[in-house]
Amino acid sequence: MQNLTNDLQGQLPIEFLIVVGITVILLFPLIMCLMDSNELNQAMSASRAGALQGALHDGLAIYPDDTYRDYIIKHPRLVNPSGVKITKIDYSNQGFNPSYQKTKIQLRVHASAPSGIDKSDRNCLGDRINYYARKKICESFRTQNLTNSVYNPAFSTHYVFTTVDVCWE
Amino acid sequence: MITGSVISIAEGRLTTAQETAESAEARLLSEKIANAIEVSYSGGEGHEIRIEMPSDIRGSHYKVKVNQSGVLVIIRGRCGYSFSYLKSISNYDQDQYEVVMFPKRNYTIRNVKDDHNHHRVIIFEDL
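Those protein sequences? They're chains F and P, same order as listed.
Counting from 1, one number per residue, gives the positions in the first sequence under the numbering used here.
Counting from 1, one number per residue, gives the positions in the second sequence under the numbering used here.
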């Protein structure tokens, strides 16, 4: 009869190996799924921070030099401060885009502005909000080198982001 | 992975907060000067207000230009403008109609009458 106290050859029970194997098989796709969700979550958070920044620039009416010169002639109303607020940001998944080899996400920012601002001025305000939303996504994923000067489209690792005109409420 | 994304988001938010604070202070400064000019102009001859310019705005260099239609503040390539009602603005010698105000200096904004008996706001540095 074998002396159990001297059994140092250490065999793992088959049940334990089966449990570990199944756990690994289940965890792998779960981790992949979580990584994708986390990436989208990070991108949405970055776009929100960017849209907020754009709205604050619009609200405080502090613009880059060339934009200021343009506005003082074409959109003098925008040189004054105004109350621009971001109310909501949503997105639609437009599926896999073969051109970019990434999943395409379209962002839509909802914002509110004073009623005295006309459509042309609102377009300018909205363009700035969208610009900063895309810019922040690129900065968050360090993909500035993959896109153009207006960050359109913005890239993350597995997604490509575009924006539509801001929906004014 | 999650920590990395949280750090990235937090970093973005901090940058946004810093830029916003800077823009807000620049806007406040230009509005303060524009308001001082309005108050001085409406106060009649001899009314004067002293303004102390901050040494920087959140560590950034800035410049302020005042002309007859408003106050322009320039900071790190960005501009903010505060309108004021049209009025004559000049320096102490009344030979320049755009006055540049520099950081860390004190200025006096005074309502005077010129040779044609018109009201004018002059801006000059306190020595």
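These are computed hints drawn from the structure, not numbers from a lab.
Glycine included, each C-beta is placed from N, C-alpha and C at the ideal position.
Among the clues, some could well be false.
Derived list of chain P stretches under chain F, where covered just means 3 residues or more per stretch with a C-beta under 8 Å from a C-beta of chain F [claimed, not checked]:
id: 1; segment: 3–12
id: 2; segment: 51–60
id: 3; segment: 74–87
id: 4; segment: 113–120
Residues from chain P that keep clear of chain F, each with C-beta distances beyond 12 Å, as calculated [claimed, not checked]:
id: 5; residue: S69
id: 6; residue: V100
id: 7; residue: M101
id: 8; residue: F124
Review point. Is the nearest CB of chain F more than 12 Å from the CB of V100 (chain P)?
Key: holds (16 Å)
Practice item. Take the segment 51–60 of chain P, compare each residue's beta carbon with every beta carbon of chain F, and decide whether three or more fall closer than 8 Å. Key: violated (count 0)
Point to revise | Exclusion check [S69 (chain P) not at the chain F interface, CB over 12 Å] | key: With a cut-off of 12 Å, S69 (chain P) comes too close to chain F, as the shortest Cβ separation is near 10 Å.
Exercise for review: Can you take a look at whether the segment 3–12 of chain P is actually covered by chain F? Rule is 3+ residues, C-beta closer than 8 Å.
Suggested key: holds (count 4)
Check your understanding: Non-interface claim for M101 (chain P): all C-beta distances to chain F beyond 12 Å?
Key -> Answer for M101 (chain P): holds, closest chain F Cβ roughly 17 Å.
Practice item. Beyond 12 Å from every chain F Cβ: check whether that's true for F124 (chain P). Key: Answer for F124 (chain P): holds, closest chain F Cβ roughly 27 Å.
**Study point:** 8 Å C-beta test of the segment 74–87 of chain P against chain F, three or more residues
**Key:** Per the Cβ count (8), the hint holds.
Exercise for review: Given that the segment 113–120 of chain P was listed as covered by chain F, double-check it with a C-beta distance under 8 Å for 3 or more residues.
Suggested key: That given contact is violated, which follows from only 0 residues of the segment 113–120 of chain P lying within Cβ reach (below 8 Å) of chain F.
Checked against the numbered hints given earlier, this structure breaks hints 2, 4, 5; the rest are met.
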